[in-house]
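Protein chains in written order, with the numbering used here: chain H, 380 to 546; chain E, 152 to 253.
Don't read these hints as lab results, they were simulated from the structure. Some hints here could point you the wrong way.
Per the computed footprint, the stretches of chain E lying under chain H, defined by three or more beta-carbons under 8 Å from a beta-carbon of chain H, are [as the list claims (entries may be wrong)]:
#1 177–183
#2 188–200
#3 219–229
For glycine and all other residues, C-beta sits at the position ideal for the given N, C-alpha and C.
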Amino acid sequence: MTDVVFFYLFAATALLSALMVVVARRIFHSALWLALCLLAVAGLFGLLDADFLAAAQVLIYVGAVVSLMLFAIMLTQRSVGGRLECHITKHGVLPLAGSLGILAALIHLTRTGFPSAAALPSSPMPTTIPIGEQLLTTYVVPFEVASVLLVMAMIGAIVLARRDAGQ
Amino acid sequence: MIGLQHYLILAALLFAVGLYGALTRRNAIGILLSIEIMLNAVNINLVAFSRYQPGAGLGGQVFVVFVITVAACEAAVGLALILCIFRTRRTVEADEVNLLKW
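Chain E on its own, in the form it takes in the complex:
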């Protein structure tokens, strides 16, 4: 029987994989992809809690709707920023975008 812990451990594994990707990817779009994995791990946790906690209602699922909304906004603005950087610097490697770094 699948319990709450199965979902929590799966979400922890997905979050760790996404975190590793966000820290090691050099391509800025790759970092965005890893962040989407981390957001999905959190979504699994929210849905699992709202399913398994007695009397929790649908609050967790409504929160996932908001998380999906914010993730879509983040992807749109993030990709527009990356396009902007690519036009001026001709690169999307995060290591090479270091104008504000000393």
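Here chain H stands alone, though its shape is the one from the complex:
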């Protein structure tokens, strides 16, 4: 019973804050709403018995990515004579129709036969050890590729964001 209550609490929080991310006039407020949305998604991960992912979501997304976004927003605001607000485009009908179409297609896809909640299999609750083992055995090649990708992104970000990058 409590998981039903918590599911709807987290789901409503995630949806409402995602809507606020999209419609908020100030981009800074958008980023703060995104932090709330990501926290609600971390709660959903907790409900799905993914304890490691819930912690990683809070640490990486809310802790690192959102603060990175906030720094970038503060660095790119024009303080004198600039527009601090960011507007939605005028021609908003076509994107609305497109995303509603995608939504209808996705919800139609969920109506095909997936197992019901009655057949919920048990899961290993502390998932950190199995995830770590699988990362170093079954998924060791993607793991190494991901580490190379991280190094590349780090070097690329440093090179791009340097002051004298244009010289």
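Starting from the known structure of chain H, fit chain E onto it as the hints suggest.
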């Protein structure tokens, strides 16, 4: 009782909201924020499938680890590019960055 379909429909709604934001936001950082929402919708789907499919194991959760890694890379490089554009063009509005457009 909360079933798999609840999570799938929630993820579909989040994805549609993120897609709408990515299509309508003019600020380039706003587009990045919307893309993060879409990635999170996909993550919910992956975790829900790995939880509800019998015998699925933890493959879905390992995939979410990789998605989070790639999203962090994307945010870092994307924001560095936006800073670069802001230095040369003094704007981050996606409509005004049209040098390669004719």
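Right, here's what the structure says about each hint:
no., hint, verdict
1, 177–183, "holds (count 5)"
2, 188–200, "holds (count 6)"
3, 219–229, "holds (count 10)"
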